[in-house]
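K.L.:
Line by line, the protein sequences are chains A and B.
Just so we're aligned: 135 in the working numbering is position 135 of the first sequence, and the numbers increase by one with no gaps anywhere.
Adding 1000 to a residue's 1-based position in the second sequence gives its number in the working numbering.
Mixed in with the good hints, there may be bad ones.
As the list claims (entries may be wrong) - Pairs of lysine to any residue, SDA-like flavour, derived with a Cα cap of 20 Å:
1. A:Lys-79 to B:Gln-1457
2. B:Lys-1191 to A:Ala-83
3. B:Lys-1230 to B:Gly-1159
4. B:Lys-1191 to A:Pro-36
5. B:Lys-1598 to A:Ala-83
6. A:Lys-79 to B:His-1440
7. B:Lys-1598 to A:Gly-75
8. B:Lys-1251 to B:Pro-1287
As the list claims (entries may be wrong) - Stretch by stretch, here's where chain B covers chain A in the computed footprint (C-beta under 8 Å, at least three residues):
9. 88-95
10. 170-176
11. 203-217
12. 247-258
These are computed hints drawn from the structure, not numbers from a lab.
Please read all numbers here as calculations on a predicted model, not as lab measurements.
We put the CB at the ideal spot given by N, CA and C, even for glycine.
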Amino acid sequence: MSSRCRDAVVRAGGALALAMALGCNAAPELRVCADPQNLPYSSADERGFENRIAELVAHDLGRTLRYHWQPQWRGYTRKTLLAGLCDVIPGIPAAAPDVLATDAYYRSAYAFVYAAARLPGLTSFDDPRLRRSRIGVQVVGIDAIATPAGQALARRGIVANVVGFPVMGERPSAARMIDALADGSLDVAIVWSPQPGYFIAQRGLAYAVVPIAAAPGDPSLEFAIAMGVRPGDIALQQALNGALARLRPRIDAVLRDYAVTRVQPESELAGFP
Amino acid sequence: MTSDSKRPRQRCNVARGESAGALGRRAAARVIVSCVAGLLATHSSAQDAQREAGNWPMAGRDYANTRFSPLDQINARNVGELKLAWTFSTGVLRGHEAAPIVVDGTLFVVTPYPNIVYALDLTQPGAPMKWKFMPRPEASAQGEACCDVVNRGVAYADGHVFFNTLDGQTIALDAKDGHEIWRTQLGDIRKGETMTMAPLVVKGKVLVGNSGGEYGVRGWLTALDAGDGKIAWRAYTTGPDDDVRIGPTFKPFYESDRGKDLGKSTWPGEAWKIGGGTVWGFLSYDPALDLVYYGTANPGPWNPSQRPGDNKWTSGIFARDPATGQARWFYQTSPHDLHDYDGINESVLIDVAIGGTTRHALVHPDRNGYVYVIDRATGQVLSANAYVPITTSTGVDVTTGAIHYAPDKEPQPGRTVRDICPGSPGGKDWQPSAYSPRTHLLYMPHQNICQDAETAQVSYIAGTPYVGAQLKMKPGPGGARGRVTAWDPAIGKATWRIDEDLPVWSGALATAGDVVFYGTMEGWFKAVDATSGKELWRFKTGSGIVGQPVSFRAPDGKQYVAVLSGVGGWAGAVVAGDLDTRDLTAAGGFAAVVPDLKQKTAQGGMLYVFALP
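Bound conformation, chain A alone (with noise of 0.2 Å):
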């Protein structure tokens, strides 16, 4: 119990001194903003490389992990982070405003994902065989937004043989371009890199899954990914760094049996010595 605590059960006195001692010595909550249908990140059953982080994390700090459930559409972080229903929002990208970010714990690309046998050794945005083959994008629902990538295409002009793959939508994005590779109605997806290995291995498939290098011109395609808390809550930022650099190990394996894709060693990431 701590002294401020102490103080204030010894003040209350009788029944009411009772209830708070107990208040008192129940582990402090951490409450985590997730998405319930959002794999291979979260669901409601807790099925997710996020949910296991999280149960990492809450066990190294000492506390009980609880959800604030809410699917992660525009405005996410205003409707929840910020309007208190949860204290950290895992795997958002480092840069992102409205938040104070940990350190990053990974760092991914948008990557193509295809058939080896199908278009062997695509790694770049000005390989010929591009223009001639049926790309699946991601979409994200943002009037007159694009994603790196798709403006990455656009630039060159690729865009009559791209196909639209909305990232709202019954089942996760990567979900859908995966079984567009398989059904053979695609010949490449392009993909949030974290995304593709879980349902790649899911269906039991065999699919390259290459990082891409932003050429001269592109926008950038990499994004490091951290948590969030609120501005300002600089005690649970320093806590959750804590934590994040103890089980840089157990996350690592974490993010293995997911198969996310990373593209820089962990050793060079911020907070991990």
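For this one, chain A is given, so just place chain B on it according to the hints.
P.N.:
Okay, now just chain B, sitting in the frame of chain A:
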């Protein structure tokens, strides 16, 4: 159920009412119909006309979409004495955009999500509730709708009340007791497809459209059989001619709209399959030409650089045969839209004297800033004049139909573009105009908003990161964010203008008493002189007004004016959704231009009804 079969039935209603006390009601009606219908015809037609003058059976009041009430008990001389008659709380807090609907002594009103329909008995003092219907739409629909969870009204026809639910259903109720006759699931909420528009009932068909283009929904207009809710036809906005219901009767006026499968070929590859062009505005209908008219929304969800081409048939106006859905003509107001200029704004069907001849016209104030006057038989643009400051285009060539875009205002990733006028909500958004055949003026409630487009910070949706473009809306020239403009479509000029501090997001109402009504987002309900724009009366309602004012005559013989108060919609989402106005991207960028709205009004859905003492 056609309009032809409707007329004799209404005559029966009159006869039945007169004899109800003497005989069994059904028997009496049958006797009178069989024996006296012919004799009564002339007399009861006059009575019908008088009774119908007191009704407001659809959002636009009439098929021409004029929002003009022929009642003149309340007029420019006495409106200053208008008093609150009664109120009704809807029990819902989000943006109330609906028009109250009045038919023969009953007022029907639908709320925003959860889309409760109330029927109020105008024959009794204080208009007690007759019935209430709760459709119980899926709660997840709330998260999908882009710009608050609004509903724009029910439609009444042949004893039925028709309305849409946010989760994509069309429902028919018995107007007498509110029991459900049928419901048809049309939108797929899991794809972000919602329904917010007010249906239009034409020749036994309920015409409805979808919302949600920003999620990659493919737009459509669907006709349901009014009797059983079965889909009679569906016309998509994009895709091959068969899907769009383009056939031999399609005769667009301009060359640019002629050709096979333009709904496919003006898009790269299969981009049309998720091409937007939803149908969420008001429809109108010309019985003489037998054509329905409606606008299509902007192309989505692609960045403009991903969809080179005109992107037909988005951001334009369709004329269709209501029986078959076959297109007659189309005109594209914003080909390859760059600024979110939906073409969904209303088309008002009026006769306009142009160059000494009377043209059967369609007047359409578009989001892109021009009021179009179009020959509604052919789709020929007769004039297109700016009603707000425009920087995104330099004019419309009525010979070719082409709009000339200003290249320096084209948004590009990584480039900041300033002073895009009008901003994404356009010179006018959904808020419907009214037209008075007495003054020959179109009364347009609208906004005066420009924007800067900047490449913004990193964002994410469903675990997928991207770099956003931030649209920073700001007041247009002059600083007033709202306007009511009285527009003379014959000469393409404003006769008068009223500046309002906040965007005017309510509809307008014009009456034969030469009074125009509208509401402000602060909550003022105002009456102005139809000829001069001079303010004659105002009343402060409980919340900001984004609803559609209407006027009706109750069974007590008095004229009433009604409006829903309850701030919200895209412009009011910062209050309706309690958003943080420091987040400039909140409410699709609208928060930046109404940072003061939360200090000026609060949530609350309430129907206000006014009359002379």
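K.L.:
Each hint needs a verdict: does it hold in this structure or not?
P.N.:
Going through the hints against the structure:
no.	hint	verdict
1	A:Lys-79 to B:Gln-1457	18 Å, holds
2	B:Lys-1191 to A:Ala-83	26 Å, violated
3	B:Lys-1230 to B:Gly-1159	18 Å, holds
4	B:Lys-1191 to A:Pro-36	16 Å, holds
5	B:Lys-1598 to A:Ala-83	17 Å, holds
6	A:Lys-79 to B:His-1440	47 Å, violated
7	B:Lys-1598 to A:Gly-75	19 Å, holds
8	B:Lys-1251 to B:Pro-1287	19 Å, holds
9	88-95	holds (count 4)
10	170-176	holds (count 3)
11	203-217	violated (count 0)
12	247-258	violated (count 0)
Of the numbered hints listed earlier, those contradicted by the structure are 2, 6, 11, 12.
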